[in-house]
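Visitor: The whole structure should be built from the sequences, with the hints applied where relevant.
2 protein chains.
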Amino acid sequence: MKFQLTILGCSSATPTAERHPSSQVLNINETIFLIDCGEGTQIQLRRNKIKLQRINHIFISHLHGDHYLGLIGLLSTMSILGRTNDIHIYSSPLLQEVIDIQIKASDIHLNYQICFHFLNYEKLDLLFENKNVETFSFPMIHRIPTCGFLFISTHKEKNINKEVLNKENIPIEAIKQIKNGADFTTEDGRLLKNAIITKENVLPLSYAYCSDTIFDESIVQYIKNVDLLYHEATFMNDMATMAKEKFHSTTVEAATIASKANVKQLIIGHFSARYNDLSPLLIETKTVFDNTLLAEEGKVYSLSD
Amino acid sequence: MKFQLTILGCSSATPTAERHPSSQVLNINETIFLIDCGEGTQIQLRRNKIKLQRINHIFISHLHGDHYLGLIGLLSTMSILGRTNDIHIYSSPLLQEVIDIQIKASDIHLNYQICFHFLNYEKLDLLFENKNVETFSFPMIHRIPTCGFLFISTHKEKNINKEVLNKENIPIEAIKQIKNGADFTTEDGRLLKNAIITKENVLPLSYAYCSDTIFDESIVQYIKNVDLLYHEATFMNDMATMAKEKFHSTTVEAATIASKANVKQLIIGHFSARYNDLSPLLIETKTVFDNTLLAEEGKVYSLSD
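One line per chain: the protein sequences are C and L, in this order. The numbering used here puts the first residue of the first sequence at 617, with every later residue one more than the last. The numbering used here puts the first residue of the second sequence at 617, with every later residue one more than the last.
These are computed hints drawn from the structure, not numbers from a lab. There's no promise every hint is true.
Heads up, the list lumps identical chains together, so a pair's fine if it works in one copy or across two of them.
Straight-line Cα separation of at most 25 Å, BS3-like style, residue types lysine-lysine; simulated pairs [claimed, not checked]:
hint, residue 1, residue 2
1, K720, K860
2, K720, K862
3, K618, K876
4, K774, K809
5, K862, K778
6, K783, K667
7, K915, K880
Guide: The following block contains the structure:
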């Protein structure tokens with residue numbers, strides 16, 4: 617079971633020479649999600665050797681430029697490189713207008729379908745599920761309608777015990793039913809109970825993305841006990857007033873949310889361009905929530921083996 | 617007299633991990649022009665330590681994404697960083713629609729005016745002039761309406777001979793008239809003829825930008841004898857058929873245009889992502905036009921001392 621987060625961009629509104637605007641890739645057992653798509657995301661995907669055609673689901677938290685301006689370039693490149701598979705975009709309806717007019721301006725034709733799914737900015741909402749994962753959006757408070765995202769790995773099918781499988785010569789055709797709970801009768805008539813042929817599932821893993829948001833305790837209910845939380849920490853604590861004015865959070869506020877939600881680990885990101893050295897932000901966050909990491913572009917954060 | 621070109625991006629439609637989409641900066645005696653603005657241009661400006669607020673004129677050749685998708689991010693960053701000066705954008709009217717809808721989607725307010733100047737895709741057109749430079753657009757043939765740009769340094773005012781200025785104690789108030797051709801009478805009644813107080817102007821310098829375009833000899837008339845020509849060479853000669861189909865040019869075609877236009881020096885760029893090593897493109901171009909350079913991101917090409 618793979619559960620890997622790769623940060624592609626962790627800068628706030630204005631990028632720096634070293635830090636890109638928001639974007640990250642979450643790989644849950646080879647289902648690959650792109651979360652936000654700031655300017656330059658397609659180049660960051662290449663630099664990090666992530667095959668962009670394997671992305672089928674793109675989540676756009678809100679329509680500030682640093683969270684979506686790389687999208688039209690990525691969609692265009694996907695088409696040029698021969699994509700024919702549908703792509704699913706979870707966003708505000710306004711994004712569809714923006715993309716439509718840019719396609720018109722360039723007089724291009726995408727060789728695949730974009731399936732838009734419009735976010736609900738009022739309540740928790742299931743966006744997508746397959747056998748590996750459930751994804752949700754939840755409301756956050758920012759200057760324009762904004763959602764956070766929650767990803768939970770699931771194991772709806774049981775895992776087969778391969779030792780028993782080989783020993784008993786269980787045919788491939790029977791596996792699907794066993795995964796769904798069926799017993800199996802061997803050729804010599806012995807009944808193997810399902811519990812013998814299957815193994816306990818590993819526990820689900822969970823990841824929550826909260827960027828951009830003002831300090832807002834109402835999000836705690838959605839992200840309670842997650843294994844990994846990415847929470848914006850645009851400013852240090854001495855700029856709490858400005859953070860509030862701009863509907864952003866500070867280091868201490870991110871840590872407070874992590875603590876109240878009882879998350880296992882926190883990554884802070886969306887750093888203001890004013891900070892060259894990020895270590896003071898990490899130190900300050902750790903005073904409230906010790907198990908914190910800095911977002912680093914190109915770094916892979918893995919919850920699995 | 618400064619006349620410096622800095623390449624920020626020289627990739628064609630799909631960027632690579634090393635090469636960005638089209639953008640370049642031309643500095644003519646501290647009037648700074650941005651020519652095309654592909655995705656990531658604002659980051660490239662920072663990496664190359666070019667102060668983005670000093671850009672007052674942006675020329676967009678056409679509305680394929682690799683030539684303009686960095687614009688809205690740059691405009692937004694300029695506002696966030698406190699810009700109040702007008703900015704002039706020379707482009708298709710469709711670009712105004714694209715920018716307007718993106719500003720609406722982000723619910724942002726720019727703290728300065730954008731002055732749009734719509735390109736004439738039929739004939740040579742004077743876009744902007746000041747005491748240092750005249751800029752023109754001219755039509756090119758591509759899949760959508762596209763212009764090339766021509767920049768000619770000018771010296772409409774005469775240069776003052778500083779030795780005479782100091783020796784004769786000529787007051788600052790008199791300099792403007794002298795630059796416009798007036799003689800000067802000293803305090804002790806001597807008439808100094810204008811030719812004594814001023815120096816010969818240096819010769820004008822010129823730069824032409826041709827990207828994107830099919831091989832098209834009709835552009836030769838506009839770029840005749842320029843000191844420096846940037847011409848796209850998306851493909852090598854063995855892909856001439858594809859170049860034609862896609863309304864692009866090959867190395868040999870770029871060199872042929874340079875030769876027919878009798879330019880002093882050629883820079884080739886807008887390279888297809890299929891080429892990792894660009895040296896074969898340079899070698900092939902030089903077989904037809906020897907004084908050729910490769911576009912290299914971050915490199916400054918200077919026509920002045």
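Visitor: Hint by hint, note whether the structure agrees.
Guide: The hints, checked one at a time:
In this assembly of identical chains, K720 and K860 lie within 25 Å of each other by CA distance solely across copies; the values are 23 Å between and 39 Å within a copy. For a Cα distance limit of 25 Å, the shortest separation of K720 from K862 across copies, 18 Å, qualifies, whereas the shortest one inside one copy, 34 Å, does not. With identical chains, the CA atoms of K618 and K876 are never at most 25 Å apart, being 27 Å at best within one copy and 59 Å at best between copies. Proximity of K774 and K809 under a CA criterion of 25 Å is satisfied intra-copy only: 13 Å inside one chain copy versus 99 Å between copies.
Neither within a single protomer nor between protomers do K862 and K778 lie at most 25 Å apart by alpha-carbon distance, with minima of 55 Å and 53 Å respectively. Taking the shortest Cα distances, K783 and K667 never come within 25 Å of each other, neither inside one copy (38 Å) nor across copies (70 Å). In this assembly of identical chains, K915 and K880 lie within 25 Å of each other by CA distance solely inside one copy; the values are 19 Å within and 47 Å between copies.
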